[in-house]
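> So the chains spell out like this:
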Amino acid sequence: MALSGTALHFSGHQYLRHRLVLSILSGKPVKVDKIRPEDKNPGLRDFEISLLRLLEKVTNGTVIEISYTGTAVLLKPGVISGGPVTHECPLSRSIGYFLEPIIMLAPFAKSPFQLTLRGITTDDRDLSADLIRTVTLPHLQLFGVADGLELRIKKRGSSPGGGGEIQFLCPVVKQVKTLNFVDPGKIKRIRGIAHAVRVSPQFSNRMIDASRSILNRYIPDIYLYSDVYKGADSGHSPGYALSLLAESTTGALHCAEAVSQPGVAPEDIALAATRALLEEIRRGGCVDRKHQSLVLLMMVLGSEDVGRCRMGEPTPRTIQFLRDVREFFGTSFKIVPANPSEPTSGELLFSCYGSGYTNINRSAA
Amino acid sequence: MDERQHKAHRPAQSGAKAEKKSKGKGKEKQKGFNEKAFAPKSGRRAERQGRRNVERDQTRLHVPLVNRTPDETPPPVIVAIVGPPGVGKTTLLKSLVRRYTKQTLSDVKGPVTVVSGKNKRLTFMECNNDLTSMVDIGKIADLVLLMIDGSFGFEMETFEFLNILQSHGFPKVIGVLTHLDLVKKAATLRATKKALKKRFWTEIYQGAKLFYLSGVLNGRYPDTEILNLSRFISVMKFRPLVFRNTHPYLLADRLEDLTPRELIRTSDGKCDRTVTLYGYLRGTNYRLGMAVHVPGVGDLKVKSVEVLGDPCPLPTEESEKRRRLSEKRKLIVHAPMSDVNGVMYDKDAVYINVPGSFTRGNVDVPQGEGEQMVLDLQDAGETLDDAVARSQIRLFGSSSKPITVTPGDDEDEGGSEVEYDDEDGSDEEGSQLDEEDGSEMTDEDEDMQDEAEGQSHDRGRTGPRKGMRMVGSLASASRRNEVEYAESDSDMGEFDEEDGRRVRFGDDEEEADFEEEDDEEGDDEENVPRWKENLSMKAAEAFTSRQNRAKDWMKLIYASSLSPEAILADDSTRDSSNNQDGEDGGDEAFFQVKSKAPAGEAEEDEDRTKERVDEEDLRKWEDDELLESLRRCFITGGSGGDEDTGPAGEGDDGYEDLEGGEFEDLEAPGDGEPEEEDPEAKKAAELAKKKEILKRKFDEQYDDPESSKMDFYEEKKDEIAKQLQVNKEEFADVDAESRALVEGYRPGTYVRLELMDVPSEFVEHFDPYYPIVVGGLLPSEERFGYVQVRIKRHRWYAKTLKTNDPLILSVGWRRFQTVPIYSLDDHSIRMRMLKYTPEHMHCYATFYGPVSAPNTGFCAFNSLSSSAAGFRVSATGVVLDIDRSVKIVKKLKLTGVPYKIFKNTAFVRDMFNSSLEVAKFEGANVKTVSGIRGQIKKALSKPEGAFRATFEDKVLMSDLVFLRAWYSIQPRKFYNPVTSLLLTDKSHWTGMRLTGEVRREQGLHASINADSTYKAIERPARRFNTLRIPRKLQAALPYASKPKLMKPQQKQTYMQKRAVVMEPEEKKAVALLQQIRALRKDQVQRRKEKQHERKEVRRKKAEKEEKGREEKDREKRKEVMRVAGIKSKREAEREEGGGSRKRRKT
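As you go down the protein sequences, you meet chains R and L in turn. In case it helps, this note's numbering puts the first sequence at residues 1 to 365. In case it helps, this note's numbering puts the second sequence at residues 366 to 1511.
One should not assume that every hint holds.
[Said to hold, decoys possible] Partner residues aside, some chain L positions facing chain R, computed with beta carbon under 8 angstroms: (1) L430; (2) N432; (3) R433; (4) E976; (5) V978; (6) N1220; (7) G1222.
Simulated from the structure, these hints should not be mistaken for lab results. Predicted model only: the values in this text are computed from it and were never measured. For each residue, glycine too, the CB sits at the ideal point set by N, CA and C.
Bound-form chain R, shown alone (with noise of 0.2 angstroms):
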């Protein structure tokens, strides 16, 4: 076998999904151990395994080991195989905690994803199925996955009641598309989902009056859709929630949400989730902060050439990323300031020699 049995090595519990989706698409082994070694109720969290069932069901061939104790974890990756899979995600986390790695496997399956999820469809800490649909799959249509790319909510679910339920729909590509993406334009749109479910649906309309009332100085093009799920689709938990983004002449999107808290008036969600938006705004770039390393996952994986892509900074994840990557895939970004003139904007340009990455799961006939 070769050089197959080396496994890379991590420690902790942090970076898990993004490990583990760099594992299965390089098809090196990985191993990460000391994983909450120091809590009480040390090593995997019940929707850590749950990640981990999702992509034994998504994949042909992989063997995951878990330790006795729980807190190391070997993956030794097998193949994409994508199809028809329904999972059950636990309520400690929402929906977009398993869609998140599963976006960045799909394109490269050997048949179509059909996926469907049932849980928490929008929480404080993951992307929800909102922004999922709005943002997350654009920024993969940059890349050459568009037809037949979609996500349906067939129902909503707010935490921690759950019950709500999406479907992701997925095509498989050759080979990603390379991204020269330099210009961020200007902000022509502005869009944003706000909903409320078993509450009232007039929080959905004060969240949206909210909103407006900061963004109507920018540009006239806003809209802002209240969405209502009513009975069965509406899960189990009430809950409201208002996601924007906006979009640039260039296509950049930026997006931002503010969930519902007890005891907080959705007025102040709706500020907390433009105010959110303006500061993504502010930083900049052409890739919003919480998609930066879908976005340069992508570029490594594309073709031998040279992906350009410029960002704001980096967050802590995304910088923890680039160095898996390389590990990984041994590709290195080069990352300059976005224009040498004006080294006071915090933007930079990120650019890689993409390492060539074809989806050799797919089959020729």
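Mind docking chain L on chain R? Use the hints.
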């Protein structure tokens, strides 16, 4: 008629007529073809002609492919010289090398690289007649000179090689016919040439280039013919091949064993070796950490890659000015293994040949490369001791004192040298070490160091330098967790570590400052209102610091081991300290308390995509001015700003626009004025640029509306060209080291690959005649799995291929033996196993082995040995699918017998052994031999394994009941790389053999299974009892159904009792008829006899002819045997050293 000679015609040399003629000739020539001749006569014809033209144009187009070899320094083109032994490969190679370099090689081993033109180099490689070599060469050759013995014709190896080429992407092939001087008759020569050309064209393509080399002069082919061949080689254009355009590879031209001698000695030469291979990189960029496969050795890990100076460089700028390649450049030949210029590189030594006596004095004798090397060695000015004494090796990049061996006793002032290591940077001796040092430092450190050097270049300072190194700037520094090393040892005492936290140098005010910031970081979690108080201050600080310098993100991310949070958090503190540093002159040390890692709380730092929303942070957006400042990011905002600065840049502009408050004083005073007038000029320039673009666009469209819109093909080509341009420019300004980090080593560079854990046999049994190819593996290709391929047995391969027989495959870089299972798609329902490959048809094969990308071609062999009879390429195909499991089934029939039959129900036994098995098959369809269908219902309790089944009709007790099922099978996990390069005798690799082959070798018979032997089948005649119908029943039956019980007639009939007496006429008539019959009989008899006689004669004649033919046959056989005898005799002679040829006739 008289035989008088006519006067020959003399054309006019001058005058009107001559002029007219010459003019006419010239005119005709200039005109070209007659346009009218091709003008269509009718509209329909015109339409058809137009359509045909368009179609022809389309056929000319090829799928645009990206060519990834760099334009400026492409790697040498690999020209492989392939052919049967004795065809003249070495002679051709020598002739070509002589043509390019004016040197004659005595013994050609390994690749030979020469410069062939201003922008072109060639690597010649001779391919021996071994199949493994042919496979390897076929994978890397850009151009193949396929040599064919004109006096003999094509040989089997040639066809095998062509088939190998075909399955690994077809490189360009030029045929070279040799030994044409052996064909004496001109007519035969012409016919031979024609026949060979025809065959060659059918193999390659119609019109493929075929060269004829006549004879050998002075051990070389005629110069003019070689010149022509070289011209053809030089104009050859290469289309990138898909596999080579996605993989880096290298043809090693030199091998060196780096294993410590001692280790080899102690392990008795059996230890794994560290080997370096030298060669030009080809294909795509070689990335760091990429695994490689060396065909014939296996998968290996590359320890390091080192870019070396080009041993065979292309002509440079000054020679470029001249039209022709300068003579000096021409003479370079790089062939490390084949004794050029008196130097030969072996695996463990360098041999230098010296003509005559070798002394230092005689400068007049031209020195070869090797002699120069020896002389240079002799020129070494100093001893090792000196070098060590002067060395500036430091334990850490930051420690000020180098390790000294004998301080003070040197001629250079040891003491001061030791103390001011920074000055050493300017010293020649220390420069190398300092360079290494510098690579670890961040550039601000370097800046500062430069500054310091600038200040104190007088070498007069005596005090020790205080620390100026920032924590977090050095990879080595941050790796240590607890102890902070001082720049010099004397510094160590000056500060102490307080309760385990790390400390930094700094003066007191700085310390306070940083403590404050430290608190601030804590506040991030706790939301202490104090944070809010100096919010604006913070922003201002951040602004200034950011304005002053940008971070080197690459170094922070890739070269330091700081945690991501630290990298981000470090921003303001580090930078401001830096500013202070600059003011203080960089000589002050100051303390700074290093914040604890923010990953303190386990619950907080969970894996979340959305960052925690900081309410306080968002509150600043209540500020109207800040909101206003963002307006520029929107299309409705002022369009005055330059287009190319992003929103953030504009956001910063927004800061500048702010009139009120604290932001004003942050502006550098000098910056204000130019900024004011800048926008005007900028705007104007911007506008002009825009106008320019618009104008160009308009012009283009106005002049030629067709040209502005490109067709698909043009568009694609343009896209590719643009991307290549971006590729070229993006990293052009990056230094070599980080460039290698980012994009890897580019093709065309001459590198040294250090390979780890190479089997010792590779070095021990190294043979330069066998090519060493290093192929880069993509990450996915290191994996193993089940590979499904589409395969077709080669029609020239004599046998069919059998499932589970070992097969040697050559896929990607690898060649390995594996055990495939053949299958066919059965109505898209199942993959059904085939025992044998079908004739003239593709089928699927599934085997376990290393993964390679779908659409990769492969070829298969059953045996690699040259003694194998017939064509050796047994199958070819393409990879279809990769998976970790397979779904191949084979048919399984279970049989049972009914032991009790009701109407449509029967009890069946002997199909299963237990009721559990029956339960598994409940509801399954069964069938009897006679075709009655049924279904399994339920297990019966009594005889174990029996069941109740229902049928569509009543079954017979004598019927068999079948159950047709499918049994899934897995290919055996057998993977055996063909490690031919590890053998002493590289052409005799044997892998797993068939049982039959092993038995044959050991002289064993196949064991006989007693059950399988044939025995006489005894089938007792079936006896049926007579049908007895009770009398009562008989009486009740209708007449038609009644048994007819009648005896044969006993009495004679009326006619039998009567005698017949004939009338006389009647008698006569009968007699006459009898006579006629007798005559006829006689006639027939005689005719038969005659015929027999004739046949006899004929038979005798045929016999005679047969005899003659047999005689001829015997003679022929005798002749063949005689030739074979001579052949074998020659073979034996050759083995003893003779030069006879071995041939396998096509």
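> For each hint, tell me whether it holds in the structure or not.
Evaluated hints:
1. L430: violated, 12 angstroms
2. N432: violated, 12 angstroms
3. R433: Because about 6 angstroms separates R433 of chain L from the closest Cβ in chain R, which is inside the 8 angstroms limit, the hint holds.
4. E976: Holds - the Cβ of E976 of chain L comes within 8 angstroms of chain R, reaching about 7 angstroms at its closest.
5. V978: holds, 6 angstroms
6. N1220: holds, 5 angstroms
7. G1222: violated, 11 angstroms
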